[in-house]
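Q: Spelled out from the first residue to the last, the chains are:
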Amino acid sequence: MNTTKVMRALLLVSFAAVVALSLAMPGIGGSPAEAQQKPPIKIGVLYGLTGVYAFPSKHGVQGAALAFEEANYQVAGRKIETIVEDDQSPQVAVGVTKARKLVEKDRVHAVMGIIWSPTGVAVSDYMKTVEVPLVLTEAAARIITQEKRHPYVFRTSFASGQMTLPFSAYVCKNLGYKRIVTFAFDSVFGREQADYVAQGCEQGGGKVIKQLFAPVRTPDMAPYLAQIQAENPDAVWALWSGIAAIQFLRQYKEFGLKGKYPLLTFGSLSGEDVLAQVPDAAEGMISYYFYTTAYDAPENKAFVEAYTKKYNMPPAVYAGQGYLTAKVILAALEAIKGNVEDKAAFLAALRNVSFERGIRGPWRFDAFQNAVSDVYVFKVERGADGKVGHKIIHVLKNAEQYWPQGKPQR
Amino acid sequence: MSFWYLQAITGLSFAMLLFLLAAGLSLIFGLMRIINLAHGALYLVASYLSLSVMRGTGSFLLALLVGAAAVTLIGLFMERRFLNRLYRMELAQVLLTFGFLFILSDLTQWVWGGEPQIMPKPALFAGSLRLGEMMFPIYRLLVIAVGIVVAVLLGLIQQYTSLGAKVRAGVDDAEMTRGLGVDLPRLFTGVFAMGAMLAGVGGVMGGPIIGANLDAAFEILLFAFVVVIIGGMGSLKGAFLASLFVGLIDTFGKALFPEYSLFTIFAPMAIVLAIRPTGLFGRT
Numbered sequence: 590m591n592t593t594k595v596m597r598a599l600l601l602v603s604f605a606a607v608v609a610l611s612l613a614m615p616g617i618g619g620s621p622a623e624a625q626q627k628p629p630i631k632i633g634v635l636y637g638l639t640g641v642y643a644f645p646s647k648h649g650v651q652g653a654a655l656a657f658e659e660a661n662y663q664v665a666g667r668k669i670e671t672i673v674e675d676d677q678s679p680q681v682a683v684g685v686t687k688a689r690k691l692v693e694k695d696r697v698h699a700v701m702g703i704i705w706s707p708t709g710v711a712v713s714d715y716m717k718t719v720e721v722p723l724v725l726t727e728a729a730a731r732i733i734t735q736e737k738r739h740p741y742v743f744r745t746s747f748a749s750g751q752m753t754l755p756f757s758a759y760v761c762k763n764l765g766y767k768r769i770v771t772f773a774f775d776s777v778f779g780r781e782q783a784d785y786v787a788q789g790c791e792q793g794g795g796k797v798i799k800q801l802f803a804p805v806r807t808p809d810m811a812p813y814l815a816q817i818q819a820e821n822p823d824a825v826w827a828l829w830s831g832i833a834a835i836q837f838l839r840q841y842k843e844f845g846l847k848g849k850y851p852l853l854t855f856g857s858l859s860g861e862d863v864l865a866q867v868p869d870a871a872e873g874m875i876s877y878y879f880y881t882t883a884y885d886a887p888e889n890k891a892f893v894e895a896y897t898k899k900y901n902m903p904p905a906v907y908a909g910q911g912y913l914t915a916k917v918i919l920a921a922l923e924a925i926k927g928n929v930e931d932k933a934a935f936l937a938a939l940r941n942v943s944f945e946r947g948i949r950g951p952w953r954f955d956a957f958q959n960a961v962s963d964v965y966v967f968k969v970e971r972g973a974d975g976k977v978g979h980k981i982i983h984v985l986k987n988a989e990q991y992w993p994q995g996k997p998q999r
Numbered sequence: 008m009s010f011w012y013l014q015a016i017t018g019l020s021f022a023m024l025l026f027l028l029a030a031g032l033s034l035i036f037g038l039m040r041i042i043n044l045a046h047g048a049l050y051l052v053a054s055y056l057s058l059s060v061m062r063g064t065g066s067f068l069l070a071l072l073v074g075a076a077a078v079t080l081i082g083l084f085m086e087r088r089f090l091n092r093l094y095r096m097e098l099a100q101v102l103l104t105f106g107f108l109f110i111l112s113d114l115t116q117w118v119w120g121g122e123p124q125i126m127p128k129p130a131l132f133a134g135s136l137r138l139g140e141m142m143f144p145i146y147r148l149l150v151i152a153v154g155i156v157v158a159v160l161l162g163l164i165q166q167y168t169s170l171g172a173k174v175r176a177g178v179d180d181a182e183m184t185r186g187l188g189v190d191l192p193r194l195f196t197g198v199f200a201m202g203a204m205l206a207g208v209g210g211v212m213g214g215p216i217i218g219a220n221l222d223a224a225f226e227i228l229l230f231a232f233v234v235v236i237i238g239g240m241g242s243l244k245g246a247f248l249a250s251l252f253v254g255l256i257d258t259f260g261k262a263l264f265p266e267y268s269l270f271t272i273f274a275p276m277a278i279v280l281a282i283r284p285t286g287l288f289g290r291t
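Same order as they appear, the protein sequences are chains D and C. Residue numbers for the first sequence follow the numbering used here, so the first one is 590 and each next one is one higher. Residue numbers for the second sequence follow the numbering used here, so the first one is 8 and each next one is one higher.
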């Protein structure tokens, strides 16, 4: 009996408290509309925090947070608020649901993030219908900024072939590899990349003699490695990521392919997560990506230092992307003095963002709102400190999504 | 020529890993009629634990012991505390093991994080052997040896000990076995714990090849289920032969017809099931 009474009293008191609080809360009704009092600018940050992309996503979110923090979460005197959501990629439907939540419930002014391409495609379609800008950090599916492009989607990373085409032309022409075997995971992305190698290499005077594909989750690479040996190529090009990348590099060495066939790899195989686990197996391979912590510029050095200090770990490439993308958004917001409600101006400002210098060197959007930037070709080498890292051997200048045919005339 | 040897060794080592997983799965199912979906999670826990032990102490043997012992305990706990209350309630059991799968795999994510990790090899077996034109890692031979030793031990136990006789009787007819005075609940606990231990050994042995990783664990569990289905539930001999079959077919299939890598596994399974719905050595 007694407890029921107490409970009821508690309930009443807390109800009263809630009512009082909500009445006392300022800002909802009629505060003055001067710049200082404007509601915060809200940015949705969408990453696959759990699941396959947990590791890169953690870095992406941390990189973005660092950039916003450097700006004190403020632009032109107006506060910036970020809302982080988990798209649980590769679950595309969850990604769209989370984007909806950010737009419809949180009322964000822009969304950034997304690593997994299919999620990127789906969310981009959705953002088109609600007319809210989406700035993709990875999601490299070509169509997003080509056939399916629209004014609200931007991409700061690259479109599928943007790096692989110029890279394979370069290695076949300049490094003298004429017969190449490609080995990639079996997905749209993997097959596209392998075809770009074939295309690029042909332009460089070489040839892809065999394309091998294995399921994304392949417990054991050994059967494929024997295949590669049977072909006896000049060099092997490989695309794997995460645990599979580690497995691949390790077995490549164990089965004696390392040293026999030079290894050319997509940047996902030379990421910090991979190098930390199999430094010996990775040493000596030639890799390429649009960002490397080894890029020698004061902005990049400062970023690597600040990031390492704040999070107690060196940044992965995804961290650089989170950071750069947040910087792009901040630059656009700065240009419009934080007046994000003027959507046309905000979009125009985003399109016009360009950096003369930065963690990736010169950087800008093309007419299709996809990034144009340098691609770094680097060798994985043991540095003076005994740690394995990147050493840039060549820079493919201003790579863009329609390389080398040039932009289609429209 | 060495191409074929190389593939055979690869296939055999993969087959032995499958056997370690499938043997436990098959025995548990045959005797207790429990589809233990948490089997892959046990494998996962063992591979992560042994990874930590290996990093900490550098001793592979210790890693193997700790990994196997820990999941044996988890298996005991699962069976004693939960599963034995649900005897004969198949749906509830499947749900329960499914729940354990989530809890255990989330726990490993929580403790070890989402970063991909591969276990270092024991120093003694870290190198590679040259075979004609090609090289292959010595560790694979160790995996094959461990698999064969475990298979022989299990076979001997099943064939020549009273414990083995009881298990065989239980698989054939649980009610009759109980009627003859065999303490079935205790037998169940023992077999479940042993199955967990085998999954643990598989997790540790597979660590350097397959790695400690959620996806890989599920992938190999899928293969283990294929083995159990082909071999027939509850049959050790079936599990062993089906492991060889699946391991070799998978390896040679991938090497010869890389475009059809999943097909080469599931097509034979479909054919076996069409001819013998209970699997090669299963009882009707």
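By construction, these hints were calculated from the structure, which means they are not laboratory data. Where is the CB? At the ideal position from N, CA and C, for every residue including glycine. Where hints are given, some of them may not hold.
Output of the computed footprint for chain C on chain D, the stretches with three or more beta carbons under 8 Å from beta carbons of chain C [stated by the list, open to error]:
1) 635-646
2) 809-817
3) 850-859
4) 967-976
Computed cross-link-like contacts, DSS-like style, restricted to lysine-lysine with a CA-CA straight-line distance of at most 25 Å [claimed, not checked]:
5) D:Lys849 with C:Lys173
6) D:Lys694 with D:Lys668
7) D:Lys799 with D:Lys849
8) D:Lys976 with C:Lys128
9) D:Lys986 with D:Lys762
10) D:Lys899 with D:Lys767
Q: Are the hints correct? Go through all of them and say.
A: To see whether the hints hold, each was checked on the structure:
1. 635-646: As far as the region 635-646 of chain D goes, the hint holds, because 5 residues have Cβ atoms under 8 Å from chain C.
2. 809-817: Held - the region 809-817 of chain D has 6 residues with a Cβ nearer than 8 Å to chain C, which meets the minimum of three.
3. 850-859: Coverage by chain C is violated here, the residue count being 0 at a Cβ distance below 8 Å.
4. 967-976: It is violated: at least three residues are needed, and the region 967-976 of chain D offers just 0 whose Cβ sits closer than 8 Å to chain C.
5. D:Lys849 with C:Lys173: Measuring from Cα to Cα gives roughly 55 Å; hence the hint is violated.
6. D:Lys694 with D:Lys668: With a Cα-Cα distance of about 19 Å, the restraint between D:Lys694 and D:Lys668 holds, given a limit of 25 Å.
7. D:Lys799 with D:Lys849: holds, 17 Å
8. D:Lys976 with C:Lys128: holds, 21 Å
9. D:Lys986 with D:Lys762: holds, 16 Å
10. D:Lys899 with D:Lys767: Roughly 45 Å between the alpha carbons, so the hint for D:Lys899 and D:Lys767 is violated.
Hint compliance for this structure: hints 3, 4, 5, 10 are not met, and every other hint is.
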